[in-house]
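K.L.:
Here is how the chains run, residue by residue.
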Amino acid sequence: METLIDTETRTFIQVTEYWVPEDGKLKLAGGNYGDLEGFASASGQTSFEKGEGLPGRAWAEARPVVFKSLTAPEFLRADAAKAAGLTSAVAVPLFDGETLKSVLVVLCSDSEERIGAIESWRADDGLLMLDDGYYGAARHFEFVSQHTHFPTGQGLPGGVFAAMTPILMRDLGASYAFVRAESAGRAGLTTGLGLPIPVPTGAPYVLTLLSARGTPIARRFEIWDARDAKVGKANEAELIDGICARDGPLWTAEGDPPRRVAAWQGLIGRVLGTGLPVVEKGAAGIPGGYDSMVAVPIHSKGELSHIVAWYS
Amino acid sequence: MKKLVVIGAGMASGRVLEHLTDADPDAYEITLFNAETRGNYNRIMLSPVLSGEKTYAEIVTHDSDWYAARNVDCRFGEQIVGIDRETKTVMGEHGPVPYDKLIIATGSAPFIIPVPGKDLPGVISYRDLDDTNAMIEASAKGGNAVVIGGGLLGLEAAAGLALRGMSVTVVHLNGHLMERQLDEAAGYLLRKDLEAKGISVRTQATTRAIIGDGRAEAVLLEGDETLPADLVVMAVGIRPETRLATDAGLEVARGIEVNAQMQTSDSDIYAVGECVEFDGNLFGLVAPLYDQAKVLAHALLDEADAFVVKDVATKLKVTGCDLFSAGDFAEGEGREDIVFRDPARGIYKRLVIEGDKLVGAVMYGDTADGTWFFGLIKDETEIDDMRETLIFGPAFQGGDTADPLSAVAALPRDAEVCGCNGICKGTITDAIANGATDLAAIRATTKASASCGTCTGLVEQVLQVTLGDEFVLPTAQPVCGCCDLTHEDVRRLIKSQELKSQEAVWQELGWKTRNGCHVCRPAINFYLLADWPVEYRDDPQSRFVNERKHANIQKDGTFSVVPRMWGGITNPDELRAIADAADKYNVPTVKVTGGQRIDLLGVKGEDLPAIWADLNKAGMVSGHAYSKGLRTVKTCVGTDHCRFGTQDSTGLGIKLEQVLWGSWTPHKVKLGVSGCPRNCAESTCKDVGIICVDSGYQIGVAGAAGMDLMETQRLCDVATEQEAIDVTVAFVQLYRENAKYLDRTYKWVAKVGLDWVQERIADPAERARLIAAFELSQSIYRKDPWAEHAQTQAAQYQPLADLTLEAAE
Numbered sequence: 020m021e022t023l024i025d026t027e028t029r030t031f032i033q034v035t036e037y038w039v040p041e042d043g044k045l046k047l048a049g050g051n052y053g054d055l056e057g058f059a060s061a062s063g064q065t066s067f068e069k070g071e072g073l074p075g076r077a078w079a080e081a082r083p084v085v086f087k088s089l090t091a092p093e094f095l096r097a098d099a100a101k102a103a104g105l106t107s108a109v110a111v112p113l114f115d116g117e118t119l120k121s122v123l124v125v126l127c128s129d130s131e132e133r134i135g136a137i138e139s140w141r142a143d144d145g146l147l148m149l150d151d152g153y154y155g156a157a158r159h160f161e162f163v164s165q166h167t168h169f170p171t172g173q174g175l176p177g178g179v180f181a182a183m184t185p186i187l188m189r190d191l192g193a194s195y196a197f198v199r200a201e202s203a204g205r206a207g208l209t210t211g212l213g214l215p216i217p218v219p220t221g222a223p224y225v226l227t228l229l230s231a232r233g234t235p236i237a238r239r240f241e242i243w244d245a246r247d248a249k250v251g252k253a254n255e256a257e258l259i260d261g262i263c264a265r266d267g268p269l270w271t272a273e274g275d276p277p278r279r280v281a282a283w284q285g286l287i288g289r290v291l292g293t294g295l296p297v298v299e300k301g302a303a304g305i306p307g308g309y310d311s312m313v314a315v316p317i318h319s320k321g322e323l324s325h326i327v328a329w330y331s
Numbered sequence: 031m032k033k034l035v036v037i038g039a040g041m042a043s044g045r046v047l048e049h050l051t052d053a054d055p056d057a058y059e060i061t062l063f064n065a066e067t068r069g070n071y072n073r074i075m076l077s078p079v080l081s082g083e084k085t086y087a088e089i090v091t092h093d094s095d096w097y098a099a100r101n102v103d104c105r106f107g108e109q110i111v112g113i114d115r116e117t118k119t120v121m122g123e124h125g126p127v128p129y130d131k132l133i134i135a136t137g138s139a140p141f142i143i144p145v146p147g148k149d150l151p152g153v154i155s156y157r158d159l160d161d162t163n164a165m166i167e168a169s170a171k172g173g174n175a176v177v178i179g180g181g182l183l184g185l186e187a188a189a190g191l192a193l194r195g196m197s198v199t200v201v202h203l204n205g206h207l208m209e210r211q212l213d214e215a216a217g218y219l220l221r222k223d224l225e226a227k228g229i230s231v232r233t234q235a236t237t238r239a240i241i242g243d244g245r246a247e248a249v250l251l252e253g254d255e256t257l258p259a260d261l262v263v264m265a266v267g268i269r270p271e272t273r274l275a276t277d278a279g280l281e282v283a284r285g286i287e288v289n290a291q292m293q294t295s296d297s298d299i300y301a302v303g304e305c306v307e308f309d310g311n312l313f314g315l316v317a318p319l320y321d322q323a324k325v326l327a328h329a330l331l332d333e334a335d336a337f338v339v340k341d342v343a344t345k346l347k348v349t350g351c352d353l354f355s356a357g358d359f360a361e362g363e364g365r366e367d368i369v370f371r372d373p374a375r376g377i378y379k380r381l382v383i384e385g386d387k388l389v390g391a392v393m394y395g396d397t398a399d400g401t402w403f404f405g406l407i408k409d410e411t412e413i414d415d416m417r418e419t420l421i422f423g424p425a426f427q428g429g430d431t432a433d434p435l436s437a438v439a440a441l442p443r444d445a446e447v448c449g450c451n452g453i454c455k456g457t458i459t460d461a462i463a464n465g466a467t468d469l470a471a472i473r474a475t476t477k478a479s480a481s482c483g484t485c486t487g488l489v490e491q492v493l494q495v496t497l498g499d500e501f502v503l504p505t506a507q508p509v510c511g512c513c514d515l516t517h518e519d520v521r522r523l524i525k526s527q528e529l530k531s532q533e534a535v536w537q538e539l540g541w542k543t544r545n546g547c548h549v550c551r552p553a554i555n556f557y558l559l560a561d562w563p564v565e566y567r568d569d570p571q572s573r574f575v576n577e578r579k580h581a582n583i584q585k586d587g588t589f590s591v592v593p594r595m596w597g598g599i600t601n602p603d604e605l606r607a608i609a610d611a612a613d614k615y616n617v618p619t620v621k622v623t624g625g626q627r628i629d630l631l632g633v634k635g636e637d638l639p640a641i642w643a644d645l646n647k648a649g650m651v652s653g654h655a656y657s658k659g660l661r662t663v664k665t666c667v668g669t670d671h672c673r674f675g676t677q678d679s680t681g682l683g684i685k686l687e688q689v690l691w692g693s694w695t696p697h698k699v700k701l702g703v704s705g706c707p708r709n710c711a712e713s714t715c716k717d718v719g720i721i722c723v724d725s726g727y728q729i730g731v732a733g734a735a736g737m738d739l740m741e742t743q744r745l746c747d748v749a750t751e752q753e754a755i756d757v758t759v760a761f762v763q764l765y766r767e768n769a770k771y772l773d774r775t776y777k778w779v780a781k782v783g784l785d786w787v788q789e790r791i792a793d794p795a796e797r798a799r800l801i802a803a804f805e806l807s808q809s810i811y812r813k814d815p816w817a818e819h820a821q822t823q824a825a826q827y828q829p830l831a832d833l834t835l836e837a838a839e
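Those sequence lines, one after another, are chains Z and G.
With the numbering used here applied, the first sequence has no gaps in its numbers, which climb one by one up to 331 at the end.
With the numbering used here applied, the second sequence has no gaps in its numbers, which climb one by one up to 839 at the end.
In case anyone wonders, no lab produced these hints; they're calculated from the structure.
Note that the coordinates shown come from a computational prediction; the quantities given were computed from them, not determined experimentally.
A virtual CB, placed ideally from N, CA and C, is assigned to each residue, including glycine.
Be aware that a few hints might be false.
Stated by the list, open to error - If the Cβ cut is set under 8 Å, some of the chain Z residues that face chain G in the computed set are: (1) Thr90; (2) Ile186; (3) Ala281.
To be verified - Beta-carbon label-pair distances, calculated as ranges: (4) Z:Asp275 - G:Asp514: 52 to 60 Å; (5) G:Glu281 - Z:Arg232: 38 to 46 Å; (6) G:Glu412 - Z:Arg232: 51 to 59 Å; (7) Z:His166 - G:Asp460: 49 to 57 Å; (8) Z:Pro219 - G:Lys222: 20 to 28 Å; (9) G:Glu412 - Z:Lys46: 54 to 62 Å; (10) G:Lys222 - Z:Arg232: 34 to 42 Å; (11) G:Glu281 - Z:Asp275: 31 to 39 Å; (12) G:Gly487 - Z:Asp275: 48 to 56 Å; (13) Z:Glu131 - G:Arg273: 55 to 63 Å; (14) Z:Glu322 - G:Asp514: 38 to 46 Å; (15) Z:Arg232 - G:Glu116: 42 to 50 Å.
What the hints assert, rightly or not - Heads up, simulated DSBU-like pairs for lysine-lysine below, C-alpha to C-alpha not over 35 Å straight-line: (16) Z:Lys320 - G:Lys685; (17) G:Lys408 - G:Lys579; (18) Z:Lys320 - G:Lys222; (19) Z:Lys252 - G:Lys222; (20) G:Lys347 - Z:Lys320.
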């Protein structure tokens, strides 16, 4: 029997796409544009030099870049974005050592109902400071975040930075560090996914995706560990944490066999095999009840160390 | 129904209830007491709840629905006043409950160090969800936390509190952290990692007092140093909670003493989990508790079982700290260490070897091989052979592997996967996207892999690439639904257990049906007669209709009759006999076959014995055109007539057919002998195809010209005719002994490899054995079934009643 897909109609992110360097330019390698066909087509016809447009800047500056308005000339696809109702975007460069593997771009449209947060934190003398962020309508939370810093090991950004591991926080309202907890709770932010974004120079950035119930970034999150230190020489990844609105917790209890995939085995396996993100809609291999997925590889210390995936 | 009372709803007793109610839901009427106001949850996952990485809801093992479904009367939050062993009653706060059997599973209590200030508000032990919630609440205000105890529990608490935004200091009495599980080197790396998380660590630090005015404010250490503390977590250890047992007069040492059936000194009272002591051991990790639970459930059901103490492995649940330790890694006489360090990556591994066995392993930073090492310790594997490379783990022992699926992933959509039906990869992935998520569904919707099946592996790989770990690669297929064994297993067991009858197979191999089904019976019948030709008698009821009738049934219900013509040679007498038979029995069609025989088509079933008898009189026997056995040996005319012939191909063909005829094989077997490489007998697409050359005979095998067109592969070249016959017989016997029923020779050779076949045939002793075994079998089966049936079983070919006659009267 086919599983019913009960996708939320209002999601925080409208468009996800990724760009890969080819002949010195960033070219579109995949994306999920929903029904925004005009913007999809404009994207397919665009490429970016290093430093050009949003993805090009993320590459050149080697850090996540947030555009809170999508206007020319900074944003090359401004007309198409306007026609599609897209108003903000975040570009995340994914490096493997010195080499840029891809740039992940998410685009959102502002409205009073859309609550969520995509933040980039940078380490500064043992403290994590907000580099930039997009919060939709969660303005109070944005204000609080701008005036917050986390010591290494504390809160979601500090925890991710200290462990160099993606971390999934379940109940942000109660647990996202005492400073921001109250405001996060008020904004309806429930689940937080933090991932390290290593860059060629300096300390890694930490990207956090905070998801609210009404306009979730996703309803299923997974973290896969692909380090040699975890899975040995086999090119495999093991699911170490995850939460799903349909299936509940996805981690395996002690004593139960771990869930593993090999390179090329399914969509996570494709990330392992290619070292590139996967952005798919309606593809086979997406868990029952979900329609689209984004899976992002993290390259750290010379290996593909983790994969984080979210589904909606 | 007997009454079971359980005191304590922890992980051990929870597992007992699972086993018990799964095995026999009606065995006991169960009452479950718990001091906490909730049922069983996964206590070892409290640390992630503390850190915010999990929620309590995620770690609940048994919710109220679970208890309700098993009719467990839950009395949660109720204290036990006492146990009256005389009247076999548990006295609860809200009333007594009688028992036939009682389980004490009171777990453990945190050890509180007896220092001044230990009872101040703000001092919390770390044992259950209430403690965890108290810590979460305390951490919401931020500030400083001091964790006393640098063991597993203390460090998990410290990491959780840090993630929650507290400044945390760990105070530990010993020289290095987790001294019971780690050596100094690993303890050092762990400390370094924790300090990188902002956690301060004080080792060799003794707590003198907890000070504060009305609530905890600081921890005073030996040496008069004070550490500010808004929260103090006491995590120095646990001790078995034995008060109830002691009060009831049970034998208690450090824990409640139990025997290997988890029985206390009172035979109706059992104890399980952290509260017990067995053979001088106490238990704190979950694996032995689960073993105990299983044993106890068996004891309650009067089933024999015994608890044994096994090694356990330790892991720390602090995100970003990878450590593993197992076994005994203390230094000692006769012990040797193998150590590997990679300072840049923060990796340390140490193996402790005693004699030729691995006895302990400590790993920090890279724990990928932990489970493998743990297995070597538990199984006491001799490691002499891999000592040099042991520390590099199992991947090094077996060599590295490439990604086997990458080639399939790289196939374009229009790449053909199933040649029989012309199905390309895109069609299959589309079908998967539309819900065909296993092989059977792919076959049904696309026909891919539905014909010859040689592409099955490829189709399965496409499923793996597309679906990921949602698709479970089927392990070896059982013969049929009647059993769980593969053909290969059944063959092996028939030989090794000397199973010589169908009944023996059904019984000894655990058949789930009384006497098999239409799928397994023909296979088992063949395996038995091939392996035990003398002891086992062929069972016609386990054969397909064609083999039962010794003729091929046609679509109109009539049969075809094909007499054997040795090597395709015939003579005027035989041809006359065939012509007479065709006339006599009104045979509508007479056809020359591709295998150089004459086929009489359209013979009525009841005429079969008579036509066979007539053909027998002319010296002709069954051509076995219907059997999984030797069919035909096709020949060319060879040196007798042909200008190019190099050897007597016809003569060899006749000899081969006279040796091989009547034998049963896993599938049909066709032979060809060509007198020269021009190959007029088309020998290169036969199961055994011989090409005569000036120097002798080239023997090819594993050819076919059916659903698959397969060219023969060269088995060997021989010089003499007798050798050619010997090699052919040996090959057929090897096929008979090893192949899966209904695998043609080309499928079998593809599975075992031509090299393996060549080795066996080339070995003189093995070749002689194969020939002798074949001859023994042929002493039973080299006979004409037509003659036998025409003489003794003609009656069974007659219609049951002649209804036409009856109607006329």
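K.L.:
Each hint should be assessed against the structure and marked as holding or not.
P.N.:
Each hint tested on the structure:
Restraint check, Thr90 of chain Z versus chain G: the minimum CB separation of about 38 Å is more than 8 Å; hint violated. Interface restraint check for Ile186 of chain Z: the shortest CB-CB distance to chain G comes to about 6 Å, inside 8 Å, so the restraint holds. For the restraint placing Ala281 of chain Z at the interface with chain G, the shortest Cβ-Cβ distance is roughly 6 Å, inside the 8 Å limit, so the hint holds. The hinted range of 52 to 60 Å is not satisfied by Asp275 of chain Z and Asp514 of chain G, whose Cβ atoms lie roughly 23 Å apart.
Between Glu281 of chain G and Arg232 of chain Z the C-beta distance comes to about 55 Å, which lies outside the given range of 38 to 46 Å. At about 58 Å, the CB distance of Glu412 of chain G to Arg232 of chain Z agrees with the hint of 51 to 59 Å. In this structure, His166 of chain Z and Asp460 of chain G meet the distance hint of 49 to 57 Å, their C-beta atoms being roughly 53 Å apart. The hinted range of 20 to 28 Å is satisfied by Pro219 of chain Z and Lys222 of chain G, whose Cβ atoms lie roughly 25 Å apart.
Checking the proposed 54 to 62 Å range against Glu412 of chain G and Lys46 of chain Z shows it holds: the Cβ atoms sit about 57 Å from each other. Lys222 of chain G and Arg232 of chain Z have their C-beta atoms about 40 Å apart, which keeps the hinted 34 to 42 Å range intact. Between Glu281 of chain G and Asp275 of chain Z the beta carbon distance is about 36 Å. The supplied range of 31 to 39 Å therefore holds. Between Gly487 of chain G and Asp275 of chain Z the beta carbon distance is about 29 Å. The supplied range of 48 to 56 Å is therefore violated.
Between Glu131 of chain Z and Arg273 of chain G the beta carbons are some 59 Å apart, a value that agrees with the proposed interval 55 to 63 Å. Checked against the hint of 38 to 46 Å, the pair Glu322 of chain Z and Asp514 of chain G passes, with Cβ atoms roughly 40 Å apart. Taken as a hint, the range 42 to 50 Å is violated for the pair Arg232 of chain Z and Glu116 of chain G, whose Cβ atoms sit roughly 57 Å apart. Proposed proximity of Lys320 of chain Z and Lys685 of chain G is contradicted: the alpha carbons are some 71 Å apart, above 35 Å.
Distance hint between Lys408 of chain G and Lys579 of chain G is unfulfilled; the C-alpha atoms sit about 59 Å from each other, more than 35 Å. Under the criterion of a C-alpha separation no larger than 35 Å, the hint pairing Lys320 of chain Z with Lys222 of chain G is consistent with the structure, at around 18 Å. Annotation: proposed proximity of Lys252 of chain Z to Lys222 of chain G holds, straight-line Cα distance about 26 Å (limit 35 Å). At roughly 22 Å between alpha-carbon atoms, Lys347 of chain G and Lys320 of chain Z fall within 35 Å of each other, so this suggested pair holds.
Against the hints set out earlier in the document, violations occur for numbers 1, 4, 5, 12, 15, 16, 17.
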